[in-house]
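Engineer: These protein sequence lines map, in sequence, to chains A and B. Once you know that position 244 of the first sequence is 244 in this note's numbering, the rest is easy, because the numbers rise by one and skip nothing. One rule links them: number in this note's numbering = place in the second sequence (from 1) + 403.
Hints listed in this document are in silico derivations from the structure and should not be mistaken for laboratory results. Treat each hint with caution, since some may be false.
Stated by the list, open to error - Here are the simulated lysine to aspartate or glutamate pairs, EDC-like style, with alpha carbons at most 16 Å apart:
#, chain 1, residue 1, chain 2, residue 2
1, A, K370, B, E502
2, A, K369, B, D497
3, B, K417, A, E42
4, B, K602, A, D3
5, A, K181, B, E770
6, B, K702, A, E38
7, B, K444, A, E42
There are 2 protein chains.
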Amino acid sequence: MGDIVNTNAAYISKRLAALGINVFHQSVVGDNPKRLAESLKEALARCNVVITTGGLGPTCDDLTKETAAQVMGLPMVENTAELGRITEYFRMLDRPMTENNKKQALVPSGAAVLKNNYGTAPGILIEKDGKILALLPGPPREMCPMLDNELMPVLEKYSEKTFVSRTVHIFNVGESAVESKLHDLMNSLENPTLAPYAKDGEVLLRVTAAAESAEKGYEMIEPIIAKVRKAIGDENIYGVDVENLQTALVRLLREKNLKVATAESVTGGLVSKRITEVSGASEVFECGVCSYSNSIKNKLLGVSRETLDRFTEYSPETAMEMAKGIREISGADIGVATTGIAGPNGGSAENPVGLVYVAVDSDNYSEVKKLLLSRGYAEEREFIRYIASSHALYMLLKATESL
Amino acid sequence: MGDIVNTNAAYISKRLAALGINVFHQSVVGDNPKRLAESLKEALARCNVVITTGGLGPTCDDLTKETAAQVMGLPMVENTAELGRITEYFRMLDRPMTENNKKQALVPSGAAVLKNNYGTAPGILIEKDGKILALLPGPPREMCPMLDNELMPVLEKYSEKTFVSRTVHIFNVGESAVESKLHDLMNSLENPTLAPYAKDGEVLLRVTAAAESAEKGYEMIEPIIAKVRKAIGDENIYGVDVENLQTALVRLLREKNLKVATAESVTGGLVSKRITEVSGASEVFECGVCSYSNSIKNKLLGVSRETLDRFTEYSPETAMEMAKGIREISGADIGVATTGIAGPNGGSAENPVGLVYVAVDSDNYSEVKKLLLSRGYAEEREFIRYIASSHALYMLLKATESL
């Protein structure tokens, strides 16, 4: 019905990737024994390892275990230890144990039980005819620890190599430009591999190595990262294995013991919001002003009436006076400012929707950047604001590096 | 690799459920043409409607369109209109259009193009041999509007009844409380249906009716909404079919010709960011201050040194002085302020992580609310900040209603 987002699939894939196990298929079917049996048969025919989540509970909808046993040709037998554990669980909760809960102690003959430390339904592990079939519970808080603590040790025995990866964060270069710059390198690589991902207006490049040890894997990755730096340009890479722009910025500011302040118009508080997302931001950020009218730009930030009248609020002059103004008010080492038109209304031929000026001011580095961010789509207001805020963070990072 | 949680599947299922279309299978395969072709064949053999997401972009990994065309036995042809649109997109961005972007204008012969208003890759609709195959882009911000605006009208034609729904927006009441208040009503209903969804700390109640016409459907919904209002309490419902709190707020402020101003500490600019998300916000919002240190609270907002010393920044007194201060500086009709501890560090027994004070000040309505927002999870910083900002918006709405 679409009420639940399947976070289990991504969690399991990530864990298996770390073991070098390729996930080729992921399927979802409802609580229907016929479709479930078909899906299980199909999965067992095309893969070595099949992992299911959900349908292990006590209700009549829960039929994964019974269906799996039938598909594998195994009878169900009562597991005495499990029956004892479930009985004890209800005794501890001081709740009556209903008859349908006994169903949870039934196990396919020959299967191993995977311990559930966070719920009543045990997991099931069947190893038969060269196939591994693992049945895990549905709720992530039960599934994740069972996968990590019970199933992973079993699967690790089958994996020969260790997989490690590092992620290069690129700003200011589009995904297709990254790909065309790295096309030959990507195609020439087998191990490590190199894969680009576009995310929120940035490009991430993941380098993954398979090796006998994590240490050896990281060693193999180093020269690839060096090649990437050369191809993309060091100035367009803001970090390796860093969470995002704001985290890289706050980290560097803390290292250098510097402070920033924000003066926002078009981004409406988004730059300060992103900086303060990072825990510990209060050490490097004290003051932001969102000046959404010319009167406030003048009164609070000290942008001169003359500048506003002569150049309007959509000008590099206004942006720079905002940045200098907030630096003065706050006493911060670096000031950043944004002004522009996020739309959808308010644009003109001269000042179109998507026109943004970002200014940064510090002792060593002062610059205004003009951006044209419109893609001509409907409802791109948040896109324009977000990309503008990313440029502000990126320019703050450049200013911080200069100090 | 497990880097992306598939939210598309749940979104699509929910939409199809509203049309009475049963989703029997959901499958994921990687960017592998052989496995993708097999999955498509399998899906087309067992269902009437097949919807794919992802793989429509410009890179060599993106092969859904080509594979689908091959499975359906259709040659690829260049779509002139799409090529023009993509060329124009790059012209506007002032970026060179690389050769691989032209690939996005190729369309299976006889297929219809689904417009993408949020990205370059168009969607594809193939109706052939009694089957419907729709190819949608992967990024949710492109996929969701394309599904809603382009594909849903096509699918609706195959549904005998018209489905209409209205959504009641509830704030300040938890999902289980809503469910227990409405349990009997929900169970007694067959058409319209009533379904609660928890979203970002709010509860949405969707009332869906199936009828011969949209008009008749909306008529059937009205008495249900009246019952919901009675059960939940009118004061906890901030709108019906309104996008979110900030949209409801900006709309009401514009109607009443009133202005608000924000003074933020713990939310770090998130309140002003959410207000300025709404197009036209500049008519009702001019000024926000993000005062992330006591010195700025004092210097910019006029919070007295005595208050900060005696009660600390984590106090109702500080919150109220911040709200009054920003109202005075900005000349706005209503001031709102937030102060508290988002964590993970900085909490104490007296002032734990999650403690937030939200103050609102206006001529008719002034109030400070104390919130304890911690759920005891790791990485809840953004949750605390977001819920705090929602309370600020909700209190601004109450103040606006009072004026």
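Engineer: Confirm or reject each hint.
Structural biologist: Hint-by-hint comparison with the structure:
A hinted pair counts as satisfied when its Cα atoms are at most 16 Å apart, and K370 of chain A with E502 of chain B does not qualify at roughly 27 Å. With a C-alpha separation of about 15 Å, the suggested pairing of K369 of chain A with D497 of chain B holds against the 16 Å cut-off. The straight-line distance between the Cα atoms of K417 of chain B and E42 of chain A is roughly 26 Å, outside the 16 Å bound, and the hint therefore fails. At most 16 Å may separate the alpha-carbon atoms for a hinted pair to count; K602 of chain B and D3 of chain A meet this at roughly 11 Å.
Of the pairs offered as hints, the one joining K181 of chain A and E770 of chain B is violated, with about 58 Å between alpha carbons and a cut-off of 16 Å exceeded. About 69 Å separates the Cα atoms of K702 of chain B and E38 of chain A, which puts this hinted pair outside 16 Å; it is violated. With a CA separation close to 14 Å, the supplied pair K444 of chain B and E42 of chain A stays within the 16 Å bound.
Consistency note: the structure conflicts with the earlier hints numbered 1, 3, 5, 6.
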